[in-house]
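Engineer: Build the full structure now, drawing on both the sequences and the hints.
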Amino acid sequence: MTDPILTVHDLSITFPDRNGELHALDTVSFTIQPREFVCVLGPSGSGKSTLLRILASLLKPTSGSFSFTGGEPKIGMVFQQSNLMPWRTALENITLPLEIQGFPADVAHARAQELIDLVGLQGFESSWPRDLSGGMAQRVAIARALIHDPDILLLDEPFGSLDALTRERMWTELSHIWQRRQKTVLMVTHSISESLFLADRVLVLTQRPGRIKLDLGVDLPRPRADEMRYTAHFGKLARQLKEAIG
Amino acid sequence: MNWKLLLNPTRTPRRSPHWTAYASMAAALLGWWLISHFAGLPAFILPAPEQVAARFWKALVDGSLLLHTTATLTEVLLGLLAGTVAAVTLGYAIAKSRLFEQLVSPYLVATQAIPIVAIAPLLVIWFGPGIFSKVLICALIVFFPVLVNTVVGMRAVPRSLHDLMHSLRATRWQILHMLEIPASLPVLLGGLRIGATLSVIGAVVGELVGSDRGLGFLVNVGRGQYDTALVFVAVFTLIALALALYGLVSFLERKLLIWQETFER
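Protein sequences, first through last, are from chains A and B. Position 154 (the first sequence) corresponds to 154 in the numbering used here; numbering is contiguous. Offset between the second sequence (1-based) and the numbering used here: plus 1000.
Relax, there's no trap hidden among the hints.
Have a look at the derived ranges for each label pair, beta carbon to beta carbon: (1) B:1256 / A:127: 14 to 24 Å; (2) B:1172 / A:232: 54 to 64 Å; (3) A:106 / B:1166: 25 to 35 Å; (4) A:231 / B:1098: 48 to 58 Å; (5) A:133 / B:1023: 44 to 54 Å; (6) A:207 / B:1169: 29 to 39 Å; (7) A:113 / B:1158: 23 to 33 Å.
Everything labelled a hint here was simulated from the structure, so no lab data went into it. Beta carbons: idealized from backbone N, C-alpha and C, even for Gly.
Structural biologist: Structure below.
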C-alpha cells in the first residue's frame, strides 16, 4: 500500500439548532489512496454532504482533523445542481478555475477545448447554460472540476437531479473519464447501484449523527457494464450495503 | 422609437413599433390642435401645436435650448453618477454585514421619509444656486432605489456559487468581479433604469427652486413671461431627455445581459 492522499481522523461536527445542537458527523475516520474512487453512501440527513463541505474547507469541523498529502490540495468540486454561471458560456464556465489561478486566456481555452472533447460537448462551446439540458450542464460541471488538474475530485450527488436514463449514461462516462485521467475521487451518493457501478470502495454512513458503519471494497471487474448488475456478486454486495444502511 | 421596448426592455423581442402607437400620437396631436383652435382659450393657457413648434425652432436657433438642455443633462448625469457610486458602495457594505445594516438602516429609512421637494430649497440655500446643489438633489433622489437594488442583487447571489468560488480558493476580489458583480448586474441595472428617470426629476426640482439655467429654469422663465409655448418646449425636451436616458440604460441591459434573454422557440 502506498501513502494515502487523504487521511481523515475522528471528524465530528455539530451545528447550533433551535432545540440545542444538531450532531451531524461523529468521529468519522478513513483514508483514501491516490487514484482511488470512493463513494460515501448513506440515507439523507446522514451528513454526507457535510463531510464533503468540510473536506473542501467550506465548513470547519467541531473536532477532529483531516490532511492531504502534500499540503493544501487543489479541489475539483461537482455539486448536485450543475451550478454553472449563467452569464458565462459553456467554455467560459470550464475555464473559470484556471482564470482564478491566473492562467493566460489562450492556455485556459486550449485546455477547456480538450475537456469539451473529453465530455463530448463539441459544438456547444459557446452555448449559454440556459440552453443546455441537465445532462449537458452536468458534463460542463465535470469538465470545470477537472480543468485545473485537481488532486481530488469531490462529487456531491452529481447526478441526483438527472433522469434515470441520463444518470446511467453519465455513470459510464464518469468511469471512462476517471480511468483516463487517473483522479482520486470522493463521491457522495444515496444510490447503491451508483456506488457499485463506480467505486473501488464504499463507505456507509449511519443516520445522524453520521458514523462510518461499513467500509466495503468493491472488487467488481472494470470496465463495468450494465449486465454486471445482474450477476450474483453484484447482488451480494448490494445486499451488504442495503443491510448496512438499514 | 420602439415603445414596447421602452416599457419592457429585457423581455420583449425586438420589433418595430406598431402603427397603432403612431396613430394614437397623431390623434392626440389632432385633439390638441382642435382644442387650441376651437375652445376659445388664450395662447397663454393653451398654445397651439404650431405655436409650440415655432417657439421650439426659435429657442433652437438662438442657442438657448441647447444651453439649458446641456445644463440640465450635466446635472442629471453627474447626479446619477454620484448617487449610483454612493449607493452601490453602501449597498455592498449593507449586503455583506448585518451589523452595518442594523447601524445605518434607520437613517436610510428616515431619509426616505423626507420629501426631496421639501428639502430642495434648503439645499439651494446651503450650497448656492449653482450646479452643485442640483447634482446633490439628483444624487439624493437616485440614491435609494439604486441602494435597494444593490442590496437585493448582492443578496440574491446563490450560495452554491459562493461555495464553488471558495472551493477554488478564489480571492475576495475575484469573488467580487467574477461572481457578485455579474450575478447582481440585472437587478443593479434595473435600479439604474429607475434612477435615470428620477435624476431628471431631481434636476428640474432643483432648477425650479433656484438657478439661472437649465430646463427647469426655462419653465420658470416661460411662466413668468406668460410664454406658455416656451413652457411646453421645456417640458417636451425634458420628456425626450428622460426617455433617452431610459433608452440608454435599456440598451446597456440588452448588451450586457444577453445571456438571460429569453428567445421564443
